[in-house]
Every structure is written in C-alpha cells, then in structure tokens.
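Participant: Chain residues, written in single-letter form:
4 protein chains.
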Amino acid sequence: MNDIELITQALLEFRDERDWAQFHNPKDLALALNIEASELLEAYLWKSSEQADIDKVKEELADVFAFAFLLAEKYDLDVKRIVLEKIEKNALKYPVAKAKGVAKKYTDL
Amino acid sequence: MNDIELITQALLEFRDERDWAQFHNPKDLALALNIEASELLEAYLWKSSEQADIDKVKEELADVFAFAFLLAEKYDLDVKRIVLEKIEKNALKYPVAKAKGVAKKYTDL
Amino acid sequence: MNDIELITQALLEFRDERDWAQFHNPKDLALALNIEASELLEAYLWKSSEQADIDKVKEELADVFAFAFLLAEKYDLDVKRIVLEKIEKNALKYPVAKAKGVAKKYTDL
Amino acid sequence: MNDIELITQALLEFRDERDWAQFHNPKDLALALNIEASELLEAYLWKSSEQADIDKVKEELADVFAFAFLLAEKYDLDVKRIVLEKIEKNALKYPVAKAKGVAKKYTDL
Numbered sequence: 263m264n265d266i267e268l269i270t271q272a273l274l275e276f277r278d279e280r281d282w283a284q285f286h287n288p289k290d291l292a293l294a295l296n297i298e299a300s301e302l303l304e305a306y307l308w309k310s311s312e313q314a315d316i317d318k319v320k321e322e323l324a325d326v327f328a329f330a331f332l333l334a335e336k337y338d339l340d341v342k343r344i345v346l347e348k349i350e351k352n353a354l355k356y357p358v359a360k361a362k363g364v365a366k367k368y369t370d371l
Numbered sequence: 263m264n265d266i267e268l269i270t271q272a273l274l275e276f277r278d279e280r281d282w283a284q285f286h287n288p289k290d291l292a293l294a295l296n297i298e299a300s301e302l303l304e305a306y307l308w309k310s311s312e313q314a315d316i317d318k319v320k321e322e323l324a325d326v327f328a329f330a331f332l333l334a335e336k337y338d339l340d341v342k343r344i345v346l347e348k349i350e351k352n353a354l355k356y357p358v359a360k361a362k363g364v365a366k367k368y369t370d371l
Numbered sequence: 263m264n265d266i267e268l269i270t271q272a273l274l275e276f277r278d279e280r281d282w283a284q285f286h287n288p289k290d291l292a293l294a295l296n297i298e299a300s301e302l303l304e305a306y307l308w309k310s311s312e313q314a315d316i317d318k319v320k321e322e323l324a325d326v327f328a329f330a331f332l333l334a335e336k337y338d339l340d341v342k343r344i345v346l347e348k349i350e351k352n353a354l355k356y357p358v359a360k361a362k363g364v365a366k367k368y369t370d371l
Numbered sequence: 263m264n265d266i267e268l269i270t271q272a273l274l275e276f277r278d279e280r281d282w283a284q285f286h287n288p289k290d291l292a293l294a295l296n297i298e299a300s301e302l303l304e305a306y307l308w309k310s311s312e313q314a315d316i317d318k319v320k321e322e323l324a325d326v327f328a329f330a331f332l333l334a335e336k337y338d339l340d341v342k343r344i345v346l347e348k349i350e351k352n353a354l355k356y357p358v359a360k361a362k363g364v365a366k367k368y369t370d371l
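Protein chains in written order, with our numbering: chain R, 263 to 371; chain P, 263 to 371; chain B, 263 to 371; chain S, 263 to 371.
If you are wondering where the hints come from, they were derived from the structure by calculation, not from laboratory data. Heads up, some of the hints might be wrong.
Which copy is meant is left open, so a pair is good if it fits within one copy or across any two.
[Claimed, not checked] Result set (BS3-like, lysine-lysine): computed pairs, CA atoms no more than 25 Å apart in a straight line:
| # | residue 1 | residue 2 |
| --- | --- | --- |
| 1 | Lys360 | Lys318 |
| 2 | Lys367 | Lys320 |
| 3 | Lys320 | Lys351 |
| 4 | Lys360 | Lys348 |
| 5 | Lys342 | Lys309 |
| 6 | Lys318 | Lys362 |
In this text the structure is predicted, and so the values were computed from the model without any measurement.
Input sequences plus hints: build the corresponding full structure.
Facilitator: Below you can see the structure in the form of structure tokens.
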C-alpha cells in the first residue's frame, strides 16, 4: 500500500468509527475543503509569509489534505494520475517560451 | 521514490522550467490554494452532488492538490505524517462516544 | 427608498426576470458569495496590492456585494443594523487598550 | 449621509481607534473578506439551508459586509454604482431569453 492509499485508509477509518459517511456527500466535502483552505489562509492574514505561525500552517494544511483525499476517494480518483495529467494540460496552456518568468493567467499570456 | 515525492518532483520541475519559484511564496501559494478550492466549489453551485460535472471536479481537485503539495514542500512537511498526526488530534477532539453520528463542531459537542 | 433597498430591489428584479429564485437557497447563495470572494482574491494573486487590476477588483467586489445583499434579503436582515451590532460586539472583543496597533486575533490578545 | 456612508464611517472609526489602517492594505482586506465568507459557509456545512444557525449567519454576513465596505472605501468605489453597473453587464451575459430558469454559467448558455 503506498502513502496516499495509507492516508486515505486512515481517514476512512476515522470517518467510519464516527458514522460520518452519511454527512460526507461530495458537495459538503467541497465546502469543508474550502473552509479548511480559508483557515490556512488565516495563518497569513495581516502578515508576510515569514510571520506566519508554522504550526497553524501545518495543522490547517493537514485538514486541507484530509478533505481533498476524501473527495478523491468519493470519485475513486487516482491522485497521482489526476495531478500528472493536469501538469500536462497546464504545460500546453503555459508554454515555457511564453510563461517563463511571467505570473500571468494563461488567458492573458 | 513514493507517490507523493514523485508528484512533488513533477510540480517543482514544471515550476522551475517556467522560473516561477520567485512568485511562489507561502502566502501566495495559500491564496492560490483557496482560489482553486473555490473553483472546485463552483462545480457544485446551484446543484446537488449528483449533478456536478465530474471532469470539472477532477481538474479543480488536481489544482488543489498541486498547490497543497507545493506549500507542503515549502515547509519541508511530510504529508503523510501531518495528516496522520492531525487524525490523532481530531480523535481527541471528536471522541467516538460523543461524535458518533453527529455532525457538530467539537466546540458544540 | 435608501441605497441598500434600491440595490436589493435591482438584484431581485434581475433574478426574477430570469426565474432564478428556485436556485437561490441560502446555502447556494453562501457558496456563490465564496466563489466571488475568491475571484476577487485572484486579482491579488502573485502580486502586491498596488499591482492589482482595479477594474477586476471593482467587478468582483460588485459580485460579492450582490450575493451578500441577496443573502441578507433571504433572512430579511437589515444590513446597517447587523454591521453596526457587529461593530459593537467587536469593540468588546478588541478593546482599544489591548488591540491598538496589534493585528492579532482576539483569542490571542 | 446615506446608510452605506454611515456604515463605512462606523467601520473606519472602529479601525482608526485601534490604529489598524496600517494592516488594512487591499490584498489583506481581500484575504479577510474570503476568511469571513468561509466562516459564513461553515454555517451550512453538513446541513440543509433550513438547518443553518441564523445567528451565526447574521454574524458572519456582517463581517463579510464589513470587509467588503472597507475594500470599497480603499478604492473610493460607490457601492451602489458598481453593483448597478454589474447588473447591467450581467444582463448582457445572461439574456432573459437564454437564461430563464437555467442555472448555467454564461459560458455554457
């Protein structure tokens, strides 16, 4: 079992011990992911990157990953495959020749 | 190299070919993660879970993972470890006896 | 009719001409508000405040206000009253003596 | 002084008594707005619209408005004007004939 499978297993076990599958529909998992992403953002509010509390970052990022893995599992998505495929797609939207050193959206390149 | 290391390597390569490390400070990575989480949420807007476009979910979830892995890499965080540690913490906040079948925040249990 | 009533009236008219009340349940309005807030955030991604495109800020902020006013209307909330009441509450959480010049959350003051 | 000016005045006073203008750059105000929008979203997590705690909705929506008004003030934007202008723009993107009873994004109409 690889790391992603192992993490997902641990998350499902935690969920099922609490009988929470009934609440974990994809839409609410997406809400939960947004809420956690926003708590992560709060670690940087009114601050520079350097001033952020790393422990808070670590905790909130863990929550983000938890809901992201749970949502991937709902759709039986292979996380490695979908990220590598997205990188390939983005390589077409952001060709090196145009995008190098430029932080613009592909629609503005 | 495990899956998470492999994904992270691919993301860093994509970033470095475009010379984007200069933009990828932790605060802006957290912003990017929130923006992608919100695009994922859009797949469910005005809809039930069943009506969501799975291709859109897949693409936006891939983007969420991309920025989550890049942020973890910035702080040299081991994704497996931080998620498993968070599960342990949450087990204390949400003891099975109290939380079983209940979708309340731990502060309201 | 004051400005807030006038804006709300215009938003309801726009909605009803399109027969969209059926989609505008509070939960989805809250999703829409988050999605627009995130599009506003995108105006600042990889940028300093000064580099943001003001036209994009204006458009996305208008969308944020639109869904915020629609949600307030759903619950028949008086925007002026709820904001002024929240300021009073926050004055207790952030007393001037403690909070002056300090950007900490009230729980850390 | 109309309601929006009055609310904005109260928010600026609260801010200035605490000497917080130094933290309130537009980028961080946009972060704060996102964080509050997400706390509002939390009122609906794992719930139907009807199950949401209205007091929480009221409080978080007040916070959303607070940062939205503060951001508008930063750019000297007239809230009524930008929302009415956006409605006009949206009327072109969502013509009644095409959009009536349909909850699709204008790009999919």
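Participant: For each hint, tell me whether it holds in the structure or not.
Facilitator: Right, here's what the structure says about each hint:
1. Lys360 to Lys318: between (37 Å within a copy, 23 Å between copies)
2. Lys367 to Lys320: Cα proximity of Lys367 and Lys320: across copies only (18 Å, versus 28 Å in one copy).
3. Lys320 to Lys351: The answer is between: 13 Å across copies meets 25 Å, while 29 Å in one copy does not.
4. Lys360 to Lys348: within (18 Å within a copy, 32 Å between copies)
5. Lys342 to Lys309: Neither, since 33 Å and 28 Å both go past 25 Å.
6. Lys318 to Lys362: Result: close only across copies, 24 Å inter versus 33 Å intra.
Hint check: a violation occurs at hint 5 only; the rest are consistent with the structure.
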